[in-house]
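Asker: Going line by line, the protein sequences match chains A and B.
The numbering used here numbers the first residue of the first sequence as 22 and each following residue consecutively.
The numbering used here numbers the first residue of the second sequence as 54 and each following residue consecutively.
Please keep in mind that the hints were generated in silico from the structure rather than gathered at the bench.
Keep in mind that the hints are not guaranteed to be accurate.
As the list claims (entries may be wrong) - Restricting the straight-line Cα-Cα distance to at most 20 Å, the calculated cross-link-like pairs of lysine to aspartate or glutamate (EDC-like) are:
1) B/K525 - B/E447
2) B/K404 - A/E42
3) B/K238 - A/D178
4) A/K84 - B/D203
5) A/K75 - B/D203
6) A/K84 - B/E133
What the hints assert, rightly or not - Here are a few chain A residues that face chain B, going by a calculated C-beta distance under 7 Å:
7) E42
8) P50
9) C92
Built from N, CA and C at the ideal position, the CB exists for glycine as well.
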Amino acid sequence: MQANAATPAEALFIAKVAFRELNNTSSEPAVLYNDLMRLVSQHAPSNSKELMAKINASLPLRKQYMVLVRCQRFTQSQALAAASSKEEMPLRQNQDFSLKFKRDSVEHSQIFALLHITHPTDSHSAYPVVLNVISGEQCERIEFPPLIDGASQCLFDQSDKALQLLLDADAEISIMP
Amino acid sequence: MTSTMPTTARFGVSDSLRSIFAGLSQAQGRYGQKYSDQDINKVKQYICCRNYSKASLELVYLCWAIVNACPARRGATQLEAFFWLDEAHSPQRCRLAFSQPWQGEAGQVAITSDYLSLNIGKGAGSKSFNISPARVGVLAVLMEFIVTVDPSLLTHLHNTLFGGNDKDIDQVARLIQQSIYQFLKEHLPEAQIQTRYRYFENWLNSNGISPSTLDDTHIITFWQDACADEQAQSYVLYSTALFDALDAISAMHIVSSQQAVNFAASFGQQAEQGEVNPEQVVASQFDDEKGEMLQTLAFADVATFDEVKTLCIMPKCLTIEEAEWLQPLVSYTPYIKPFLLSFMRLQVFAKWQSVLVQAKRKSAATLTEKLAEPPVQAYAMYQLEIDGLTKALENTQLCLQHVLLNIEPEYACAELLQQLPTAQLQQIGQWLAEHRAHEAISSESWHSLSKQLSLQFPPFRHLCDLSAQAFKKNNKAGFKQLPSSEQGDIYLAAFEHITSLQKLTQAHGKAVEQLAETSGSLSRIFSSDVCIFSHRFNTLYGDHHAS
Numbered sequence: 022m023q024a025n026a027a028t029p030a031e032a033l034f035i036a037k038v039a040f041r042e043l044n045n046t047s048s049e050p051a052v053l054y055n056d057l058m059r060l061v062s063q064h065a066p067s068n069s070k071e072l073m074a075k076i077n078a079s080l081p082l083r084k085q086y087m088v089l090v091r092c093q094r095f096t097q098s099q100a101l102a103a104a105s106s107k108e109e110m111p112l113r114q115n116q117d118f119s120l121k122f123k124r125d126s127v128e129h130s131q132i133f134a135l136l137h138i139t140h141p142t143d144s145h146s147a148y149p150v151v152l153n154v155i156s157g158e159q160c161e162r163i164e165f166p167p168l169i170d171g172a173s174q175c176l177f178d179q180s181d182k183a184l185q186l187l188l189d190a191d192a193e194i195s196i197m198p
Numbered sequence: 054m055t056s057t058m059p060t061t062a063r064f065g066v067s068d069s070l071r072s073i074f075a076g077l078s079q080a081q082g083r084y085g086q087k088y089s090d091q092d093i094n095k096v097k098q099y100i101c102c103r104n105y106s107k108a109s110l111e112l113v114y115l116c117w118a119i120v121n122a123c124p125a126r127r128g129a130t131q132l133e134a135f136f137w138l139d140e141a142h143s144p145q146r147c148r149l150a151f152s153q154p155w156q157g158e159a160g161q162v163a164i165t166s167d168y169l170s171l172n173i174g175k176g177a178g179s180k181s182f183n184i185s186p187a188r189v190g191v192l193a194v195l196m197e198f199i200v201t202v203d204p205s206l207l208t209h210l211h212n213t214l215f216g217g218n219d220k221d222i223d224q225v226a227r228l229i230q231q232s233i234y235q236f237l238k239e240h241l242p243e244a245q246i247q248t249r250y251r252y253f254e255n256w257l258n259s260n261g262i263s264p265s266t267l268d269d270t271h272i273i274t275f276w277q278d279a280c281a282d283e284q285a286q287s288y289v290l291y292s293t294a295l296f297d298a299l300d301a302i303s304a305m306h307i308v309s310s311q312q313a314v315n316f317a318a319s320f321g322q323q324a325e326q327g328e329v330n331p332e333q334v335v336a337s338q339f340d341d342e343k344g345e346m347l348q349t350l351a352f353a354d355v356a357t358f359d360e361v362k363t364l365c366i367m368p369k370c371l372t373i374e375e376a377e378w379l380q381p382l383v384s385y386t387p388y389i390k391p392f393l394l395s396f397m398r399l400q401v402f403a404k405w406q407s408v409l410v411q412a413k414r415k416s417a418a419t420l421t422e423k424l425a426e427p428p429v430q431a432y433a434m435y436q437l438e439i440d441g442l443t444k445a446l447e448n449t450q451l452c453l454q455h456v457l458l459n460i461e462p463e464y465a466c467a468e469l470l471q472q473l474p475t476a477q478l479q480q481i482g483q484w485l486a487e488h489r490a491h492e493a494i495s496s497e498s499w500h501s502l503s504k505q506l507s508l509q510f511p512p513f514r515h516l517c518d519l520s521a522q523a524f525k526k527n528n529k530a531g532f533k534q535l536p537s538s539e540q541g542d543i544y545l546a547a548f549e550h551i552t553s554l555q556k557l558t559q560a561h562g563k564a565v566e567q568l569a570e571t572s573g574s575l576s577r578i579f580s581s582d583v584c585i586f587s588h589r590f591n592t593l594y595g596d597h598h599a600s
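Bound conformation, chain A alone (with noise of 0.2 Å):
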C-alpha cells in the first residue's frame, strides 16, 4: 500500500505513536549481540539459562553464537575418532587441556567432570571456566569453577543435558579464555 505523502500533523502523530508503542516493553525482548558477547565470556547474564534456549530455538541466533565461540575459544576438542566414540565416558584430552568422567562411588547416577587445563590463563583462576559445547543443533554453556592448581570439577546428574552432550563424541568442546 503505497501511502500519501504525510502532512505535518500526520508526521507528528506518526512519531508520537510510534514512540509510545515502542515505550509498551510488555515484549518479551530480544537476544541482541551483547547478551552472546556476555555468554560467550565469564561474565555470564544472571538470565543465561533463558538466552540460551532462545539461541537453541533459533538458528540465526546459534550460526551468530557458533562464530563468537568459535572466534573466541582458548582451546577446542573436535569430535572424537571412532574409537574413542565407542566408549561410555569418553575421555578428552590434547595439550592444552583434559576432560574425565567419573562416576561417584556413592551415588551412582551422579558423574563427576574433570577438567584440567595445562596453561591456564589468569582468569581461569579468578572467574569460572566457561565451557561451549557444540552438538549438531544444540550449543550449551558450562561453567566450571575457577581452577585450583590447573583443575576443576562439576558434579552432574546423569541424565543432565549438559552432561549429555559433554559426553557426546560428535561434539566440539571449546574452553574460552
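Put chain B on the given structure of chain A with help from the hints.
Answerer: Here is chain B on its own, set in the frame of chain A:
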C-alpha cells in the same frame, strides 16, 4: 466467527521492533545496566522520527576511529572489544580507549580535552571530524540496534573502514541507513499509523468537533463509534482510542502554533505531489533538517524521564502496578486536567478491559466470569487509590533520602534542609556560619556535618530518623543494604524522578477532589460509565465471540 472479531494484530509497531528496545533497556553490562535510559530514548526518537542518518554517519566515523586507532586483540575485533568487551561507551572509558594518539596511512586520531578528534586522509584533502565522548553512549545504543537488525554490518564495518577513506565512510553510512530503512518499512508501519490519524480527523470533522473543543464525552463517544465500526482498523482498546485522540490533537496543536511554521514549510513541496514514488520517499527519509525539526517538535514536551517502569528495577522504588498506574499520567501530563474523567475511566475501566483480554487468553470460562465482574469501586474510591500511591511514593522518597544521606550527603542535606520551616533554616544557617565558615566542605566532611546537624537540631534529626526507619523496613532490591558510593548517580536520578512523580500525583489528587466537588455526583457518572463499558465489553468479548 473470529473473522468479525476486531484484532489488534498488525495495528502498530511490530513486536520485533518493540522487543529490540525491551532488550536494550534490560541489557546487562559489566557495570550494571549497560545502556542509560536517556541514550535509549534518544535512539527511540531517532527511529520514530526517521531521524537516524546523521547519527548513523557519526557512528561510522566513530567506528573508523576504533578500527584504525585501537589496538587489535586476540579473539575479538577492535569493534567488539570497544563496544562489548571494554564497554568503552562511557565518556571516561572512551577517553581511556583512545588515550594513545594514532597516526597512520588512513589518517590520525587523538583525544583532546573536549573531543575525539579525527582526521581522515592526509595532507590537503584530509577531512576532520570531531566526536564528543558524551555522545558515544547514544552511538553505542545505535550500534547495538543496527547489529541486531543486520549482524553482517559488524564485519562490513570492520573490513571497509580498516584503512578506509572518506568515501568508504559515506558508503558504509549509506548502507546502515538503507538497512534501518528496510527494517522499519516492515516493522514501523507508517501507512497504518497514518490511517489512524486520518480516521480520527474524519471523525472530528463529521461530528463538527474542533481539536480545541474536544472533551471527555467526545473521547468516549469516539471509542464507542470506532469499536462498532467494522471499517476501523482497530479501536478495541479504550486506551488506544484515548491516546490516539490525545496524540492527534497534540500534533494538530503543534502544527497550528507558531513554532511549526518552518517545519510545515518543509512539507510544502511533498504535500502537493500526492502519491510519491519509493525513491523520493527514500531520499526524503534522509532529509536531516526535516528529521531534526520533527524530533524537536514531537518530543519537546516529553520529559527526559519518560519510562516509569525503570523505577521498578534497581533500586526498586515502585511495584509494576504502581508504575503502570503512573505511566499515562507521565506521558500525557498536560492533558490530565482537561480530560480528567477520561483518565479516571482509563485507570478504572481500561484496567478491567486488560483483565478481560488476559482472561480471553486463558479460557472462555474465565472470560465469562470476568465479564460478570465490573469494577465496584465508584470514582470516590479512586481518591483512595491516589492516597495509597502518595503514601508509597513518600515512603520510597524517605528510603532514597536515607541512602543519599550516606552516599551523597551534600545533596541529601540540601534536600532535607528544604523541608524544614524557615525559622529552623535561619538557625541552622547561623550555626553553619559560626562553625564551618572557615573551611570548604568536602564530601567526607558533609557526612560528619550531617551528623552534627542531627545532634544540634532535633527537627533535622527527626527527618533523618524517619528516613532511616523507612529504609530499615524496606526489603526491596536496592534497599536491603546501603549501596556503594559509585551508585550515587542511580539513586540521585531515582530521587529526582520520585519527586516529580509525587508532584504529579498530588496535582492529580487535587484535580479529582475538585471534580468531585463541582460535578455534584461522581457516583452517578460512575454508574453510567459501568453501563457503557459493560455493554461495549459484552459486545466485544461476550458469548458469541468466545472461541
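Asker: State the violated hints by number, sorted upward, taking the hints as numbered earlier in the document.
Answerer: 3
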